[in-house]
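**Student:** Each protein sequence line maps, in turn, to chains D and R.
76 is the number that UniProt numbering gives to position 76 of the first sequence; each next residue is one higher, with no gaps.
58 is the number that UniProt numbering gives to position 58 of the second sequence; each next residue is one higher, with no gaps.
The set of hints was computed from the structure by calculation and includes no laboratory data.
We put the beta carbon where it would ideally sit given N, CA and C, even for glycine.
Do not rely on the hints blindly, as some may be mistaken.
What the hints assert, rightly or not - Partial list, computed: chain R residues near chain D (C-beta under 10 Å):
| hint | residue |
| --- | --- |
| 1 | Phe6 |
| 2 | Gln23 |
| 3 | Leu42 |
| 4 | Tyr53 |
| 5 | Val56 |
| 6 | Asn62 |
| 7 | Val73 |
2 protein chains.
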Amino acid sequence: MKLLDFLRGERKKTASVAKERLQIIVAHQRGQRGQPDYMPMLERELLEVIRRYVEVDQDAINITLDRDADCSVLELNVTLPNKDD
Amino acid sequence: MKLLDFLRGERKKTASVAKERLQIIVAHQRGQRGQPDYMPMLERELLEVIRRYVEVDQDAINITLDRDADCSVLELNVTLPNKDD
Numbered sequence: 001m002k003l004l005d006f007l008r009g010e011r012k013k014t015a016s017v018a019k020e021r022l023q024i025i026v027a028h029q030r031g032q033r034g035q036p037d038y039m040p041m042l043e044r045e046l047l048e049v050i051r052r053y054v055e056v057d058q059d060a061i062n063i064t065l066d067r068d069a070d071c072s073v074l075e076l077n078v079t080l081p082n083k084d085d
Numbered sequence: 001m002k003l004l005d006f007l008r009g010e011r012k013k014t015a016s017v018a019k020e021r022l023q024i025i026v027a028h029q030r031g032q033r034g035q036p037d038y039m040p041m042l043e044r045e046l047l048e049v050i051r052r053y054v055e056v057d058q059d060a061i062n063i064t065l066d067r068d069a070d071c072s073v074l075e076l077n078v079t080l081p082n083k084d085d
């Protein structure tokens with residue numbers, strides 16, 4: 001539940017309006033040097049999966065990718081359209 | 001970068017061996033009551049996407065789903081096989 005609490009705390013800081021949101025985080029920790037980095041392909045495929053469930057505009061998707069020597073973290077933040085939009 | 005720091009801190013507590021890992025977190029915040037919960041379907045599809053890139057045993061996958069009234073958090077933790085396994 002720690003992560004849920006963390007994400008909830010982050011949201012409190014940034015989101016005051018109760019919009020429907022989807023947040024996807026992919027963290028890839030490479031234990032050995034030279035392991036392939038799946039992120040670019042994963043990013044594309046994950047977006048395809050999401051689009052199967054919800055109609056989202058390209059500009060409603062915010063993507064960030066943090067990389068260091070042994071870890072990549074891909075974060076997708078999607079604001080979903082309300083039913084009456 | 002806050003999230004990357006958070007995930008890195010979590011790992012320090014739980015993982016002492018440098019195994020290759022993939023962690024996928026999907027947080028769905030439903031702004032209105034009665035919005036559909038995509039999690040069970042997403043869970044299945046995300047696993048299919050991962051399996052396209054890496055061969056993973058069923059017991060190398062740990063899945064948790066936290067739910068409350070307006071938020072669902074799906075967490076997939078995958079320990080990837082080392083090259084020499």
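**Student:** Take the hints in turn and mark each one as holding or not.
**Tutor:** Hint by hint, here is what the structure shows:
no., hint, in the structure
1, Phe6, "holds, 6 Å"
2, Gln23, "holds, 4 Å"
3, Leu42, "holds, 7 Å"
4, Tyr53, "holds, 5 Å"
5, Val56, "violated, 12 Å"
6, Asn62, "violated, 13 Å"
7, Val73, "holds, 5 Å"
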